[in-house]
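6 protein chains.
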Amino acid sequence: MKRLINPCVLSFYLIFISHGDMLREERILSGIPGLDELIGGGFPKRSVTLISGGPGSGKTIFSLQMLISGAERFGEAGVYATLIEAPEELRLDASSFGWNIESLEKAGRLALLDLRPSRFLELKSEERTDSFFSWVWRNIRFKVEEIKAKRIAIDSLNVLSAHFRDEHQFRQKIMSLIEALHEFPECVSLLVFEQITLERTIEEFLTDGVIILHYIPVKNGMLRAIQILKMRRTRHSENFHPLHITCEGIRINPKETVALF
Amino acid sequence: MKRLINPCVLSFYLIFISHGDMLREERILSGIPGLDELIGGGFPKRSVTLISGGPGSGKTIFSLQMLISGAERFGEAGVYATLIEAPEELRLDASSFGWNIESLEKAGRLALLDLRPSRFLELKSEERTDSFFSWVWRNIRFKVEEIKAKRIAIDSLNVLSAHFRDEHQFRQKIMSLIEALHEFPECVSLLVFEQITLERTIEEFLTDGVIILHYIPVKNGMLRAIQILKMRRTRHSENFHPLHITCEGIRINPKETVALF
Amino acid sequence: MKRLINPCVLSFYLIFISHGDMLREERILSGIPGLDELIGGGFPKRSVTLISGGPGSGKTIFSLQMLISGAERFGEAGVYATLIEAPEELRLDASSFGWNIESLEKAGRLALLDLRPSRFLELKSEERTDSFFSWVWRNIRFKVEEIKAKRIAIDSLNVLSAHFRDEHQFRQKIMSLIEALHEFPECVSLLVFEQITLERTIEEFLTDGVIILHYIPVKNGMLRAIQILKMRRTRHSENFHPLHITCEGIRINPKETVALF
Amino acid sequence: MKRLINPCVLSFYLIFISHGDMLREERILSGIPGLDELIGGGFPKRSVTLISGGPGSGKTIFSLQMLISGAERFGEAGVYATLIEAPEELRLDASSFGWNIESLEKAGRLALLDLRPSRFLELKSEERTDSFFSWVWRNIRFKVEEIKAKRIAIDSLNVLSAHFRDEHQFRQKIMSLIEALHEFPECVSLLVFEQITLERTIEEFLTDGVIILHYIPVKNGMLRAIQILKMRRTRHSENFHPLHITCEGIRINPKETVALF
Amino acid sequence: MKRLINPCVLSFYLIFISHGDMLREERILSGIPGLDELIGGGFPKRSVTLISGGPGSGKTIFSLQMLISGAERFGEAGVYATLIEAPEELRLDASSFGWNIESLEKAGRLALLDLRPSRFLELKSEERTDSFFSWVWRNIRFKVEEIKAKRIAIDSLNVLSAHFRDEHQFRQKIMSLIEALHEFPECVSLLVFEQITLERTIEEFLTDGVIILHYIPVKNGMLRAIQILKMRRTRHSENFHPLHITCEGIRINPKETVALF
Amino acid sequence: MKRLINPCVLSFYLIFISHGDMLREERILSGIPGLDELIGGGFPKRSVTLISGGPGSGKTIFSLQMLISGAERFGEAGVYATLIEAPEELRLDASSFGWNIESLEKAGRLALLDLRPSRFLELKSEERTDSFFSWVWRNIRFKVEEIKAKRIAIDSLNVLSAHFRDEHQFRQKIMSLIEALHEFPECVSLLVFEQITLERTIEEFLTDGVIILHYIPVKNGMLRAIQILKMRRTRHSENFHPLHITCEGIRINPKETVALF
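Keeping their order, the protein sequence lines are chains A, B, C, D, E and F. The numbering of the first sequence is numbering that gives the first Met the number 0, which starts it at 0 and goes up by one. The numbering of the second sequence is numbering that gives the first Met the number 0, which starts it at 0 and goes up by one. The numbering of the third sequence is numbering that gives the first Met the number 0, which starts it at 0 and goes up by one. The numbering of the fourth sequence is numbering that gives the first Met the number 0, which starts it at 0 and goes up by one. The numbering of the fifth sequence is numbering that gives the first Met the number 0, which starts it at 0 and goes up by one. The numbering of the sixth sequence is numbering that gives the first Met the number 0, which starts it at 0 and goes up by one.
Worth flagging that the hints you see were computed from the coordinates, not collected in a lab. Do not rely on the hints blindly, as some may be mistaken.
For identical chains, the list gives no copy identity; a pair is met inside one copy or between any two copies.
[Claimed, not checked] Mimicking DSSO-like on lysine-lysine, the simulated pairs with C-alpha atoms at most 27 Å apart in a straight line are: (1) K254 <-> K218; (2) K172 <-> K218; (3) K172 <-> K123.
Treat the numbers as computed from the prediction; the structure is a model and nothing was measured.
Work out the full structure, taking the sequences as your base and the hints as a guide.
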């Protein structure tokens with residue numbers, strides 16, 4: 000089923016072209032080839048977006064690429080809070096796409112924050128005055144203010160949730176985290192989320208945007224596609240678009256759609 | 000499968016046309032293009048309707064649009080209780096559709112109540128004499144009486160439920176909330192509800208009406224449709240109708256139907 | 000798949016025609032157009048039937064119509080115990096079908112019992128000597144005896160169940176409620192039940208009869224049908240029959256069947 | 000898919016014809032038209048069989064018919080333990096098929112035991128020296144010995160299970176009940192079981208036999224069929240056979256099969 | 000889909016034919032017609048195999064037949080631990096296939112151990128010094144050593160599991176049971192397991208082999224098939240093969256396959 | 000659906016051929032025929048990969064084969080920690096594929112660590128100073144350092160998880176295990192995981208790689224295929240490739256794909 004382009008998206012896009020300066024102020028370009036066309040020209044400022052997908056769907060690459068592009072091409076600093084992988088592994092991951100994280104770190108345009116639970120446990124007791132959740136947030140906030148970051152990624156929410164036995168309590172913490180991220184008016188934030196079940200989750204309705212990286216079995220292999228499930232203040236594409244992980248990172252084809260169901 | 004218009008709905012609609020004044024008294028026009036034809040000319044007065052749908056289905060836009068239309072076109076004041084988004088974000092959301100919330104606020108015809116849990120937690124202890132639920136309700140009731148509101152929206156029930164560990168207790172609170180809303184005989188109330196699972200929920204059978212905003216995957220993208228699942232005292236459409244989110248808000252096509260299953 | 004009429008049902012029906020007087024003693028006519036032909040000429044006296052269906056399936060209309068028909072056409076008094084809607088709302092619901100409840104109430108042929116949980120909570124403590132469940136039952140029994148009712152409706156079981164944290168305890172209460180209803184040898188009782196999940200429920204095997212009001216999505220809209228799942232001492236139809244909600248209430252077509260699965 | 004008769008069943012049946020006397024000793028004829036041909040000539044003596052099906056599937060009729068046939072045609076006494084319906088209701092149920100229970104009761108060939116939980120609760124405390132489960136079993140055993148019953152029906156297991164909060168404890172009680180029924184070497188026992196979920200249940204693997212009364216939706220209505228899922232020491236049919244509830248009770252067509260899946 | 004015979008299985012089989020003596024040492028012939036060809040010539044010595052299937056799938060017949068064949072045809076003694084049926088019932092079950100258990104028992108080549116929970120509960124308290132699980136194992140070990148058994152069957156695991164409220168504890172007991180069975184280097188053990196749900200179970204990954212007896216509905220009746228899901232040190236068939244329960248027990252057709260899904 | 004080879008994988012592979020020395024440093028060849036082509040030339044050093052599959056899918060053979068190949072063909076020592084099977088059984092398993100574990104053990108190039116829970120329970124109390132989990136890890140670490148192992152296999156995670164009642168606690172232990180394995184910079188680690196349910200599991204998102212051994216029913220039998228679900232720093236195949244268990248172990252056909260869904 001080939002759908003025509005929604006004329007609203009089109010007109011919005013044309014406005015974007017002609018009144019670029021005004022709108023660019025309100026939008027942050029992702030730098031991921033093909034993505035910004037799907038979301039009305041970029042992420043809304045101050046928005047918090049969930050990046051959701053299964054294992055191997057490319058969530059970490061997506062988030063890294065957006066921060067590195069911001070730093071390299073738009074001069075916008077980024078803070079990448081890693082709760083799973085060690086920073087040196089992320090540097091290796093990036094180098095396999097030809098991205099040089101270290102030079103950006105040295106230039107003060109990218110910060111990899113090592114916020115793995117094991118780091119927290121190694122703290123001396125006098126340094127460990129608050130909970131893991133608060134420690135994570137305090138470190139992010141400090142670094143964002145220090146380097147005047149415009150892009151934030153937290154990878155992943157699942158590690159945070161693993162520290163709450165009580166889902167009810169976790170939900171309230173996530174609400175307050177999102178409110179806190181909204182306090183940085185110039186920033187765009189990505190929350191990486193590993194989809195473990197097929198059910199909709201509470202996280203999806205708390206964030207301003209939800210981007211799903213589909214990675215699903217079809218006949219003889221796996222198919223990759225991106226879907227903008229929701230994005231506030233944005234006439235976004237409602238189709239599934241093919242996504243490729245190439246030697247140079249993620250590339251989206253905004254003009255094509257694929258059938259997932 | 001093309002269905003003929005149910006003659007009952009038709010006759011009801013004709014009566015509505017001819018005896019408009021009498022019936023208009025009993026109905027509140029939504030102002031959402033195409034909707035009122037599906038629900039016998041408007042929402043029944045004093046009714047409480049659940050607006051249900053998944054993330055990105057347009058529940059907040061739907062509710063905002065109905066209150067703004069009421070204020071702008073019918074001179075009916077509205078109270079929008081927001082439990083998730085900050086008021087300034089809602090104003091931005093609205094302006095992306097060309098709606099000017101601030102001018103309506105100044106005119107006393109629309110009130111955005113900031114009832115986010117974080118506001119409650121910031122209260123001084125002497126002000127926080129009752130539970131979150133009671134605080135929410137007390138604020139809504141006060142504002143409805145103050146501006147003589149005819150339209151109420153609570154966005155969303157899920158935040159209220161997140162404050163109850165015990166589903167049994169929550170259910171009884173919802174019953175009493177609906178009874179309390181029924182005490183405003185001139186009002187129509189919308190309860191926004193984020194569908195997280197596919198199961199029917201207790202909320203659906205307690206309210207007078209249930210409107211479902213479908214937003215479901217079909218082949219290459221997402222399809223939007225509206226369904227009036229139930230509405231008391233109303234011969235409503237039993238079909239699925241296409242819904243579009245345009246540059247000017249939601250628009251429904253009451254003469255067309257779409258296949259969802 | 001068009002099925003022939005089961006000859007047993009047919010012969011039963013013929014007997015009913017010819018030996019009407021004798022059999023009519025054992026049967027209570029529903030008064031819902033088309034229904035009695037499906038259940039061997041009417042509900043068995045002393046039977047308790049579950050009226051089951053999802054939101055918007057017409058359970059309340061069904062039950063109201065049966066009590067109003069009994070009062071208007073057969074001179075049989077009815078008690079409608081409402082646990083969700085306020086009596087004034089039910090009167091409005093009824094008037095939208097052209098039914099005048101108030102005149103029947105004045106004539107002592109219909110009683111609307113307001114047994115909402117909020118009424119129970121408003122009782123003074125000296126009046127509230129027993130549990131909600133007992134209070135509901137005591138009020139029903141008293142009114143049934145007072146007006147010599149032949150038809151009883153309890154709308155809905157779900158509100159009763161909401162007052163039991165423990166499903167085990169609820170099940171035993173329902174057993175005893177059904178036994179108590181059996182003590183009225185001349186009555187027919189309807190228990191309204193909102194189907195929330197698709198699973199079979201304990202209620203279905205405790206009652207003498209189960210009538211399901213199907214209201215299910217098909218292609219472009221919703222389809223209505225009635226099914227007599229079980230009815231003791233009755234050769235009932237085993238097909239799905241179309242059900243319409245018209246300007247004058249429910250109408251069933253006993254000669255047609257529809258495919259649901 | 001038409002299947003040929005399994006030659007083993009056939010030869011078994013032929014042996015049954017020729018060596019009838021010897022084998023009849025080991026088999027108890029059900030008396031339900033068409034059933035005995037499916038189970039190698041009748042139920043094995045001392046066997047305990049689960050009669051399983053959903054609401055309206057005919058479990059109670061099946062069990063009543065087998066006990067009444069035994070009493071009327073084979074002179075074998077039966078004990079029907081009813082845990083749901085009152086005895087007078089069962090008598091009415093039976094009379095709608097032309098069966099006269101009362102005359103069999105007077106002749107001492109059929110006993111209806113009223114073992115509803117409410118009867119147990121009405122006992123004086125000095126009579127209520129043991130649990131509900133023990134009381135049920137004690138009454139059954141006493142009556143079986145008194146009238147030298149050869150057929151026992153317990154309707155239904157679900158009521159027994161409703162008295163155990165702990166499934167683990169219930170399972171052990173059922174094991175011991177089945178062992179106790181095995182102590183009557185000349186008897187055949189039927190345990191009526193209302194299938195509430197589609198999952199296999201523990202009861203199915205503890206009994207010697209499992210008979211399923213299918214009552215499932217197909218296109219425009221419900222289809223009835225019987226399946227012998229298992230029966231120890233018996234070459235039984237492995238097909239689904241049509242079952243009809245006629246004016247004279249259940250009738251099975253052992254020569255036809257129907258497609259259920 | 001007809002599959003060619005895996006050449007590896009074939010060559011293995013040919014080796015088996017030519018170097019029979021050497022390999023026979025490592026394999027224990029099941030004696031069930033058609034089975035040994037599917038499992039590389041027989042069960043590996045010292046292996047523990049789960050025999051899994053639903054009610055009526057033939058698990059008890061399978062296990063009995065393997066022990067009786069071993070005793071009659073290969074002179075290998077067997078211990079059958081029965082936790083559900085009484086020994087006299089098993090003897091009757093066997094005689095319906097023409098198998099004479101008693102003569103084998105007298106010859107000391109087959110032992111039926113009555114390990115039903117009721118036997119355990121009847122023990123005097125001084126004899127009941129350990130748990131049910133330990134008592135079961137102690138009896139099996141003693142008998143295996145006494146008659147120098149080469150074949151062991153435990154029917155069924157489900158009864159053992161019913162004695163553990165805690166699944167975690169049960170799992171550890173099963174691990175230790177399997178280790179203990181491995182201590183008999185010349186034996187092959189069968190653990191009968193009644194599949195209640197469709198989910199894979201912990202038992203399947205702890206045993207050396209898993210054989211599934213499929214008994215599933217197809218169109219008008221039930222279909223029987225055997226599947227060797229896993230067997231260590233064995234190139235086994237990976238197909239579904241038809242299984243018949245004949246007058247002489249189970250018979251498998253190793254050259255044919257059937258479609259189950 | 001035949002897919003063309005992803006040009007990125009191809010170019011990567013070509014680079015691998017021409018600049019072998021440099022890259023080989025970063026990759027560890029599996030030695031499983033056909034696998035290395037699917038994962039960009041081998042496993043990344045320091046990576047931890049989950050080997051996931053159902054019973055009988057070949058997980059143990061896969062892991063054994065990779066360690067034995069490493070020892071035999073590349074001179075890289077391996078540590079195989081077995082938590083289910085006894086070492087002597089593994090030696091037998093291996094010999095059925097013609098692999099001689101004992102000679103590799105003697106040469107100090109392969110160590111089978113017997114870490115079954117029963118071994119832990121046999122320890123004297125003074126030796127059992129820490130938990131089972133710590134004991135397992137301490138033994139592995141000691142042996143890896145002793146023989147300078149480059150390949151580690153832990154078979155299986157499920158046994159570790161069986162020692163945690165609390166899933167939350169288990170998850171944190173697994174995180175720390177993976178971090179600890181990352182401390183061996185020259186090693187590749189395999190974590191064997193028995194898939195019991197179809198749901199995605201927490202383990203899948205914590206490891207650097209996930210390889211799924213599919214073993215699923217198709218029509219008349221079972222189908223084997225391998226899928227590289229994820230592998231960090233690697234352009235891996237996204238297709239399902241046929242896997243065969245031959246007389247000489249696992250063999251993968253990287254040029255063919257099969258349809259699984």
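So, going through the hints one by one against the coordinates:
no., hint, verdict
1, K254 <-> K218, "both (24 Å within a copy, 16 Å between copies)"
2, K172 <-> K218, "neither (41 Å within a copy, 36 Å between copies)"
3, K172 <-> K123, "both (25 Å within a copy, 20 Å between copies)"
In summary, the one numbered hint that this structure violates is 2.
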